[in-house]
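Protein chains in written order, with our numbering: chain A, 45 to 155; chain B, 3 to 286.
To be clear, the hints were calculated from the coordinates, so they are not data collected in a lab.
Every value quoted in this text rests on a predicted model; they were computed, and no experiment measured them.
A virtual CB, placed ideally from N, CA and C, is assigned to each residue, including glycine.
There's no promise every hint is true.
[To be verified] Now the stretches of chain A that chain B is said to cover, found in silico as 3 or more residues with beta-carbon under 8 Å:
hint, stretch
1, 59-71
2, 138-148
[Said to hold, decoys possible] Derived Cβ-Cβ restraints for the label pairs, each shown as a range:
hint, chain 1, residue 1, chain 2, residue 2, range
3, B, Glu84, A, Arg92, 50 to 58 Å
4, A, Arg138, B, Ala166, 49 to 57 Å
5, B, Ala246, A, Pro80, 38 to 46 Å
6, A, Pro56, B, Gln221, 41 to 49 Å
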Amino acid sequence: MDSMMSERAADPGAAAIEREIAGWMRGYLAELLEIPLEEIDDDTSFDRYGLDSLASVGMIGDLEEWLGVELDPVLASDHPSIRALARALAADERRRLLLTRRLRLPAASRP
Amino acid sequence: MSGPGASAAAIQRHYDIGDEFYALWLDESRTYSCALWEGEEDLHAAQLRKIDWHLARCGAQGVRRLLDIGCGWGALLRRATERHGVAQAVGLTLSAAQQRLIEANGRPRVEARLEGWAEHRPGATYDAIVSIGAFEHFARLDQSPAEKLAGYRAFFTFCHEALAPGGRLSLQTITYENADRRDFSRFFAEHIFPESDLPHLTEIVSAAQGLFEIEQLRQDRAHYARTARAWLSRLKAQRAAAEALVGAETVERYKKYLGLLVLGFHAGTMNLARIGLRRLEKWR
Ligand SMILES: C[S@@+](CC[C@H](N)C(=O)[O-])C[C@H]1O[C@@H](n2cnc3c(N)ncnc32)[C@H](O)[C@@H]1O
Chain A
45 MDSMMSERAA DPGAAAIERE IAGWMRGYLA ELLEIPLEEI DDDTSFDRYG LDSLASVGMI
105 GDLEEWLGVE LDPVLASDHP SIRALARALA ADERRRLLLT RRLRLPAASR P
Chain B
3 MSGPGASAAA IQRHYDIGDE FYALWLDESR TYSCALWEGE EDLHAAQLRK IDWHLARCGA
63 QGVRRLLDIG CGWGALLRRA TERHGVAQAV GLTLSAAQQR LIEANGRPRV EARLEGWAEH
123 RPGATYDAIV SIGAFEHFAR LDQSPAEKLA GYRAFFTFCH EALAPGGRLS LQTITYENAD
183 RRDFSRFFAE HIFPESDLPH LTEIVSAAQG LFEIEQLRQD RAHYARTARA WLSRLKAQRA
243 AAEALVGAET VERYKKYLGL LVLGFHAGTM NLARIGLRRL EKWR
């Protein structure tokens, strides 16, 4: 098992957040790019999808709006795929509690 | 005519959308350029440090006459006269709103003029010149590289003639780093800074050659990423008030613009140069 996997398995709260965010992003990209949801791939880079810096800043702004949590505009360029971005957001401990509440997820088993 | 770069109309489209709107998300000195950070202080302290850095760089302490090219809302003019013993501080801006506000404050040793540097006729020479965040407007995207360079050359020639012998110019500007004008975001060009093109550092160096020696150069893009983050954060916190002033669409546009600034400086497509220059004297 690689370290990412074990990290994820250790915290079901983070895994749920990651799942929710990835789900939102698939829907967002499908609508933005006008392609079927099934064709959106979590590991394809935003670059490959043709998102330029303006679209990437716009996406983070819309995600921020949906989550109700302030996000740094560089996130999508530092974590340039659905999986990478969702995982990075879920990995931030300070943010996790807030996101758990905002996304109405069951509270994580650990603090 | 405002000079070789952006026209007064283009500048006013950006800066004259309302003093109160900018006051909502800039620091209380209303400084609209990259701050100078040290540690964990707030935006205002970092902006004042930046102003002090430039005033020290151009040797403004206790001088008779100081010129600020692109003076914004006048924070540097005020600080120069109040804290650095400058007897007369003259500011140039193309924004009518900025000029009105500075003049309305009625500070006796501060003068704001609604004119570009190319049309400014200094009554007497200046002992020091500062220009912060205005050089970005001194060239247009539709100019050839030669025209662009000639415009910059005209700027340094103006500064050379306006300065007393041995005088200094402290310049701060955004530059292209790992990008060029072909990458310049259409969004920036159309909605934020119409008619403006950024310099490459090499263009600044070559335009100043033989007129000024470069005494100091700092590259501070991380400082601009942090400044733009602070602006963006404040704008979001003041969103309702901002929308009431300029409308939701404009606020959305500024959020994107500030986000792009953060991203550009973070990624290194743009950099921020602070350059201390000294007037060269003719020796032959
Ligand atoms: C980004 S603001 C920076 C203002 C100020 N220096 C500060 O740091 O807050 C740019 C300023 O440059 C001025 N400007 C643009 N083109 C100019 C020109 N050709 N001559 C004089 N001022 C100019 C604008 O009117 C505006 O005041």
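These are the hints, each one checked on the structure:
1. 59-71: violated (count 0)
2. 138-148: Check failed, 0 qualifying residues.
3. B:Glu84 x A:Arg92: 50 to 58 Å: holds (55 Å)
4. A:Arg138 x B:Ala166: 49 to 57 Å: holds (54 Å)
5. B:Ala246 x A:Pro80: 38 to 46 Å: About 41 Å separates the Cβ atoms of B:Ala246 and A:Pro80, which means 38 to 46 Å holds.
6. A:Pro56 x B:Gln221: 41 to 49 Å: holds (45 Å)
This entry does not satisfy hints 1 and 2, going by the numbered hints stated previously.
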